[in-house]
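With the sequences and hints as input, model every part of the structure.
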Amino acid sequence: MPCAESLQVQAYVDGETDAMASAAIERHLEHCAECRGLHQELIELGTALRRELPYTQTPPALRAQILRALDREGGAAHPPRRTPGIWRLRSYWMGAVSGLGAAAAAAALAFVLIVPSFKSPLVDELLGAHVNSLMSSHVIDVVSTDKHTVKPWFAGHTDVSPVVADFDSQGYKLIGGRVDYLEHQRAAVVVYQHGAHIINVFSWAAGHQSLPDKVTRNGYHLMCWKAGDLDYCAVSDTAWDELQEMVRLLQGAGALEQR
Amino acid sequence: MDERRQRFEAQVLPYLDDAYRFARWLARSPEGADDCVQEAMLRAYRGFDALRGADAKAWLLTIVRNCHSTALKQQQRRAQVPLPEEQDPLDGQALIASGPDPESASIRRDEARTLERLVAELPEEYREILILREVEDMDYRGIAAVVNVPLGTVMSRLARARAALRKNWLQQVEGAPGAVR
Chain A
1 MPCAESLQVQ
11 AYVDGETDAM
21 ASAAIERHLE
31 HCAECRGLHQ
41 ELIELGTALR
51 RELPYTQTPP
61 ALRAQILRAL
71 DREGGAAHPP
81 RRTPGIWRLR
91 SYWMGAVSGL
101 GAAAAAAALA
111 FVLIVPSFKS
121 PLVDELLGAH
131 VNSLMSSHVI
141 DVVSTDKHTV
151 KPWFAGHTDV
161 SPVVADFDSQ
171 GYKLIGGRVD
181 YLEHQRAAVV
191 VYQHGAHIIN
201 VFSWAAGHQS
211 LPDKVTRNGY
221 HLMCWKAGDL
231 DYCAVSDTAW
241 DELQEMVRLL
251 QGAGALEQR
Chain B
1 MDERRQRFEA
11 QVLPYLDDAY
21 RFARWLARSP
31 EGADDCVQEA
41 MLRAYRGFDA
51 LRGADAKAWL
61 LTIVRNCHST
71 ALKQQQRRAQ
81 VPLPEEQDPL
91 DGQALIASGP
101 DPESASIRRD
111 EARTLERLVA
121 ELPEEYREIL
131 ILREVEDMDY
141 RGIAAVVNVP
151 LGTVMSRLAR
161 ARAALRKNWL
171 QQVEGAPGAV
181 R
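Quick mapping for you: the protein sequence lines, in order, are chains A and B. Just so we're aligned: the first sequence equals residues 1 to 259 in the numbering used here. Just so we're aligned: the second sequence equals residues 1 to 181 in the numbering used here.
Everything labelled a hint here was simulated from the structure, so no lab data went into it. Please note that the accuracy of each hint is not assured.
Covered by chain B, per the in silico footprint, the following chain A stretches (three or more residues, Cβ under 8 Å) [as the list claims (entries may be wrong)]: (1) 9-18; (2) 41-55; (3) 63-73; (4) 121-128.
Some chain B residues well away from chain A (every beta-carbon gap over 12 Å; in silico) [stated by the list, open to error]: (5) R21; (6) P30; (7) N148; (8) Q171.
Listed next, the in silico SDA-like pairs over lysine to any residue satisfying Cα-Cα at most 20 Å (straight line) [claimed, not checked]: (9) A/K226 <-> A/Y181; (10) B/K73 <-> B/V135; (11) B/K57 <-> B/S69; (12) B/K167 <-> A/E30; (13) A/K147 <-> A/S161; (14) B/K57 <-> B/V135; (15) B/K73 <-> A/L49; (16) A/K173 <-> A/H184; (17) B/K167 <-> A/L49; (18) B/K167 <-> A/R51; (19) B/K57 <-> A/E44; (20) B/K167 <-> A/L42; (21) B/K167 <-> A/Q244; (22) A/K151 <-> A/L211; (23) B/K167 <-> A/S161; (24) A/K147 <-> A/K173; (25) A/K226 <-> A/D124; (26) B/K167 <-> A/G46; (27) B/K167 <-> A/L45; (28) B/K167 <-> A/E41; (29) B/K57 <-> A/G228; (30) B/K167 <-> A/D124; (31) B/K57 <-> A/K173; (32) B/K167 <-> A/I43; (33) B/K167 <-> A/E34; (34) A/K173 <-> A/Q244; (35) B/K167 <-> A/L53; (36) B/K167 <-> A/H39.
Each residue gets a CB set at the ideal place from its N, CA and C atoms; glycine is no exception.
Structure below.
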């Protein structure tokens, strides 16, 4: 059984830890012989790889061939294809440009530093999607505080029609919607803002994977429930009771819609 | 040369060598790598407007990887081998790729390049992440974007890749017979 800190040691060697985390790992290395050994091994391996692996360059003939192919393409822009794969790619890159800044970076780092021990792959997917949305700052595809705009938008972009409601007066402001790819389908994500926190409410056609009602991973709370033939999961770093209140409001709105 | 082409040459073309290196590590043959890079550069050029000044290197490598997996699927279809179901991340049982491929066979003749051969023999899921980190010098976020897995998976897979490589490397250095097939 390797030391629980081993992935942090790796992150440290890879330059992925900030000053505080680095200091903590350095302290750990002082009294954990196993991690000291690992630290040494990782450095040796990295040095050997950089020394031994060829640093190949593109053959000139291939480069010329590629440039000729580009000439044939002409200069017109092609419309990007809207497949889920490309969409996720775009969301990441678009977000990377604007960069939501410190909060997003902190979220990303927290995710890196705390080693996940997921039992449910779906929880893993949900958390990944949530963190990705914060990191990329691409939280929203359709920006609107009006549920009559957001809900129809999902009809054209996802396979589900989730409950969309605004609870601005209760402190949970509807700020828009997004599409994510979850459990091999296009899931609808309704995005709410509560104070400085983003709450992503995922919904997708219920599958056979079981989900925990409540779970906390890496400082993010997840609350999952089922309504009709949809699975829902609210994810945020708000306090537990605040997330629970949000879910209670949503379930109430859902019950009203059913009538 | 029009303005769009100029921007492409300024922002994306500098990473052609990175794309080519990555393709060489992914593809089963040098010819396959050539095709893969050429297709990737075309796709990149066509979809260039989606980039909007972001990390062009990781973006391009993502396209290279997609081209590679498309080509791989086409080959498998031609060979009438049923496609495997989408699999969960490796859990460490398959540390060495099953069949020898032409490239690693040719590399094998050159015993001086032990480490290179050992990397080539790693399963693709390990090899790509190791190459992105150690050769392409990308950070976890960039790797997660290229490989399209969560950061946690990047970390655990990278750790397994390194452990597997180190184990095979030590066996090789110590000359244990049959350690690396």
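Results of checking the hints against the structure:
| no. | hint | in the structure |
| --- | --- | --- |
| 1 | 9-18 | holds (count 5) |
| 2 | 41-55 | holds (count 11) |
| 3 | 63-73 | holds (count 6) |
| 4 | 121-128 | holds (count 5) |
| 5 | R21 | violated, 5 Å |
| 6 | P30 | violated, 9 Å |
| 7 | N148 | violated, 7 Å |
| 8 | Q171 | holds, 14 Å |
| 9 | A/K226 <-> A/Y181 | holds, 18 Å |
| 10 | B/K73 <-> B/V135 | violated, 26 Å |
| 11 | B/K57 <-> B/S69 | holds, 18 Å |
| 12 | B/K167 <-> A/E30 | violated, 25 Å |
| 13 | A/K147 <-> A/S161 | holds, 12 Å |
| 14 | B/K57 <-> B/V135 | holds, 13 Å |
| 15 | B/K73 <-> A/L49 | violated, 30 Å |
| 16 | A/K173 <-> A/H184 | violated, 29 Å |
| 17 | B/K167 <-> A/L49 | holds, 14 Å |
| 18 | B/K167 <-> A/R51 | holds, 19 Å |
| 19 | B/K57 <-> A/E44 | violated, 27 Å |
| 20 | B/K167 <-> A/L42 | holds, 12 Å |
| 21 | B/K167 <-> A/Q244 | violated, 48 Å |
| 22 | A/K151 <-> A/L211 | violated, 25 Å |
| 23 | B/K167 <-> A/S161 | violated, 51 Å |
| 24 | A/K147 <-> A/K173 | holds, 11 Å |
| 25 | A/K226 <-> A/D124 | holds, 18 Å |
| 26 | B/K167 <-> A/G46 | holds, 14 Å |
| 27 | B/K167 <-> A/L45 | holds, 11 Å |
| 28 | B/K167 <-> A/E41 | holds, 11 Å |
| 29 | B/K57 <-> A/G228 | violated, 44 Å |
| 30 | B/K167 <-> A/D124 | violated, 29 Å |
| 31 | B/K57 <-> A/K173 | violated, 37 Å |
| 32 | B/K167 <-> A/I43 | holds, 15 Å |
| 33 | B/K167 <-> A/E34 | holds, 16 Å |
| 34 | A/K173 <-> A/Q244 | holds, 15 Å |
| 35 | B/K167 <-> A/L53 | holds, 18 Å |
| 36 | B/K167 <-> A/H39 | holds, 16 Å |
Hint compliance for this structure: hints 5, 6, 7, 10, 12, 15, 16, 19, 21, 22, 23, 29, 30 and 31 are broken, all remaining hints hold.
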